[in-house]
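Engineer: Sequence:
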Amino acid sequence: MLTLTEIFIIIVIHWFNDFVLQTHEQAIGKSNNWNSLLEHTFTYSFMWVIPGLIFLIMNPVPKSAGIILSFIFITFIIHTITDYI
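Residue numbers for the sequence shown, in the working numbering: 1 to 85.
These are computed hints drawn from the structure, not numbers from a lab. Treat the hints with caution; some may be incorrect.
As the list claims (entries may be wrong) - Pair ranges (Cβ atoms, derived):
1. Trp34 / Leu2: 31 to 39 Å
2. Leu4 / Ser64: 18 to 26 Å
3. Ile28 / Ser64: 33 to 41 Å
Beta carbons are placed, not taken as given, at the ideal position from N, Cα and C, and that holds for glycine.
Please work from the sequences and hints to get the whole structure.
Structural biologist: In structure tokens form, the structure reads like this:
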């Protein structure tokens, strides 16, 4: 179960990755330009690697790496579909 602190950290990371790192051109073009969309969603998804590595360092469980990689891949796919729509 996630603590309130962990939930807050996830929300802040999402906000930073999705809004601060998104350029104006990406925001305007992502619904009609595949390059803008994929550039944004790749950046968004890739930025989850940093907290993922921190999590792995703090919780060195063998299955964690696979779970984090799966999370990043699924995040990329779902975020791309969501932002396209």
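Engineer: Look at each hint and say if it fits the structure.
Structural biologist: Cross-check of the supplied hints:
1. For Trp34 and Leu2, the hinted distance range of 31 to 39 Å is satisfied, since their beta carbons lie about 34 Å from each other.
2. Distance hint for Leu4 and Ser64: a CB-CB separation of about 22 Å, consistent with the stated range 18 to 26 Å.
3. Distance hint check: the CB atoms of Ile28 and Ser64 are about 37 Å apart, consistent with the given range 33 to 41 Å.
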